[in-house]
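Modelling step: build the complete structure from the supplied sequences, incorporating the hints.
Protein chains in written order, with my numbering: chain A, 1 to 322; chain B, 1 to 254.
Note that these hints are calculated values from the structure, not bench results. There's no promise every hint is true.
Just the calculated beta-carbon pair ranges, DEER-fashion [said to hold, decoys possible]:
1) T110/B / G188/A: 25 to 31 angstroms
2) V204/B / R148/A: 28 to 34 angstroms
3) T31/A / Q223/B: 28 to 34 angstroms
No more than 27 angstroms apart at the CA atoms, straight line, and that leaves these computed lysine-lysine pairs for DSS-like [unchecked claim]:
4) K261/A / K316/A
5) K219/B / K292/A
6) K261/A / K219/B
7) K248/B / K308/A
8) K316/A / K219/B
Yeah, the Cβ is synthetic: ideal placement off N, Cα and C, and Gly gets one too.
Chain by chain, the residues run as shown.
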Amino acid sequence: MRALILAEHAEGTVSKAGLEAAGLALALAGTRGDCAFALLGKGAHEAARELAVTYGVPAVAVLGKGLFPPTSWAWARAVWDVFGHAPPEFFAAPQTTLMSEILPMLAARAGGFYASGVEDWHAGQDGPVFLRAAYSGKYAMETAPRVRPVFLTVLPGAFAPLAPVEGAEARVTEARAELPPSPVEHAGWSRPLESGLSLALADSLVAGGRGLGGPEGVDLLRQAAALFPRSAVAGSRGACDAGWLPASSQVGVTGATVSPKLYMACGISGAFQHVAGMRGAGFVVAVNLDPKAPVFLHADVGIVEDLKVFLPLLLKAAGENP
Amino acid sequence: MNIRVCVKQVPDMEGALGINPETGLAANLAGQERMDRASAHALEEALILKDQDRGHTITALTLGPPSHEPVLRRALAMGADRAVHLLTEDAPRDHLAMARALASALQAQTPDLVLCGAMSEDLMAGATGPMLAALLDVPFASGVVELRASGDTVEVVREVEGGARETLLLQLPAVLGIQSQARQPRYPTLTHMLRAGRQTIGTVSIPALETAGLPPRLKEPLQGRAVRFLTGAPEEKARDLFAILQGKGLVCAR
Numbered sequence: 001m002r003a004l005i006l007a008e009h010a011e012g013t014v015s016k017a018g019l020e021a022a023g024l025a026l027a028l029a030g031t032r033g034d035c036a037f038a039l040l041g042k043g044a045h046e047a048a049r050e051l052a053v054t055y056g057v058p059a060v061a062v063l064g065k066g067l068f069p070p071t072s073w074a075w076a077r078a079v080w081d082v083f084g085h086a087p088p089e090f091f092a093a094p095q096t097t098l099m100s101e102i103l104p105m106l107a108a109r110a111g112g113f114y115a116s117g118v119e120d121w122h123a124g125q126d127g128p129v130f131l132r133a134a135y136s137g138k139y140a141m142e143t144a145p146r147v148r149p150v151f152l153t154v155l156p157g158a159f160a161p162l163a164p165v166e167g168a169e170a171r172v173t174e175a176r177a178e179l180p181p182s183p184v185e186h187a188g189w190s191r192p193l194e195s196g197l198s199l200a201l202a203d204s205l206v207a208g209g210r211g212l213g214g215p216e217g218v219d220l221l222r223q224a225a226a227l228f229p230r231s232a233v234a235g236s237r238g239a240c241d242a243g244w245l246p247a248s249s250q251v252g253v254t255g256a257t258v259s260p261k262l263y264m265a266c267g268i269s270g271a272f273q274h275v276a277g278m279r280g281a282g283f284v285v286a287v288n289l290d291p292k293a294p295v296f297l298h299a300d301v302g303i304v305e306d307l308k309v310f311l312p313l314l315l316k317a318a319g320e321n322p
Numbered sequence: 001m002n003i004r005v006c007v008k009q010v011p012d013m014e015g016a017l018g019i020n021p022e023t024g025l026a027a028n029l030a031g032q033e034r035m036d037r038a039s040a041h042a043l044e045e046a047l048i049l050k051d052q053d054r055g056h057t058i059t060a061l062t063l064g065p066p067s068h069e070p071v072l073r074r075a076l077a078m079g080a081d082r083a084v085h086l087l088t089e090d091a092p093r094d095h096l097a098m099a100r101a102l103a104s105a106l107q108a109q110t111p112d113l114v115l116c117g118a119m120s121e122d123l124m125a126g127a128t129g130p131m132l133a134a135l136l137d138v139p140f141a142s143g144v145v146e147l148r149a150s151g152d153t154v155e156v157v158r159e160v161e162g163g164a165r166e167t168l169l170l171q172l173p174a175v176l177g178i179q180s181q182a183r184q185p186r187y188p189t190l191t192h193m194l195r196a197g198r199q200t201i202g203t204v205s206i207p208a209l210e211t212a213g214l215p216p217r218l219k220e221p222l223q224g225r226a227v228r229f230l231t232g233a234p235e236e237k238a239r240d241l242f243a244i245l246q247g248k249g250l251v252c253a254r
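In structure tokens, the structure reads:
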């Protein structure tokens, strides 16, 4: 086995982001037989069987006490307990909160190489070279391992998911991890009071970021949103953290994932955490004073202006077009 | 409680950036550098703990070249009690090397709580916290937006995907990655600034460490869509944009 795929699973199913990580793992390993899925915790057996049957990739169900609810402490230990004696060359996982803890923990333990948020890769002279965002998205960074194993988290949406293969059932095995008592206890989940449901249902979103400059900018967003059908106002982490918009209107990794027909990003720099939440939008307009803002890399139309100047002009232009 | 906060100096990313040919890293073209935002939030959380219990001691820790001393002066001016500079020749960029250097400095006297930013603005990897925790063999949680310390445990609320939150209880010692949030990091006070100016900063020389990666190379970022920039006077751009949106049927019919 050359590449191990770690993925969270729910009711026997692995997320799309997990299958995208598997897509990269397959590209690195070469063949499906050289890859394996590792599934941990409740439902690991069901998920392992499902994956082996659907994708023709061997799957290992890792069982043990304390693996559900998942904690990075227990999962990292369990993975190393089972695979650490003969580690594969590559470990790949989706860039989720849990996996963004586990993969670097494993890399430190193994003395391995870690790259997070991998968006692309190519074969270099001395092995694979990975591409990821840096400096608030203003640069892409090429990073390459000098050592093995290589631990990767994969940016959701960056790679094609692993495709199913018919009639290529692969082996399912079971492994047991022996874990010492955990110093981490999961004490519950909660959702913010308002969910991002209204954002998910909107056909048009007008979103603001730090460039709003204050709560008064929000009023402009509302007026602009009124130009578009089934619209709502959304925000970036910066605008929500500043308290100009409620946390429930946050779009991005730790907020809502949206795919409206129109997404208008105003005064948003476009860090990948935000882009991850809106890359599925139909048509994207970006308004930002900084022509180098990474948001323009994810926009169909770009306007280099201060939103406080531009939005009133847009409202005026709309008024002239009855 | 003995609290260590890892703080990092980064180029000011609001200004124009260029690539420094010597280090291969990005630099603010005007030489402006500042405390990483995530670091500032981590320090703020430590200061809030200290506001509640004056018995805590906060030590700010940075790993970097001598030119990164200002980030420690800033931390002292914000209210950290002490500062330690782990001196390297260049700005560090290899995650494993950085975590090993920090771990060796912390192992001498294991603190009760280590706070880091969840993800720095420059390398954007979020690797230091979890690697440090693994090397110190202590629990870790990232994306932390609330924390309460009591006795030998810390209760944290952290953000996970899709706006959900998870509550975790971690036994101390522990490492936490602090997420930026509604609480804004405080500004330096005059008293602290005066003290910060005079205070001695402890230094530890860090030998060149073996890296797990080859030196990274910066490139133009990947383009997701082919953007078309509108040109002309602002009024013209506004009219053009409205016409484009109208043409695509994205505007309210009236």
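Would you pick out the hints that fail for this structure and give their numbers low to high? Hints 6 and 8 contradicted; others consistent.
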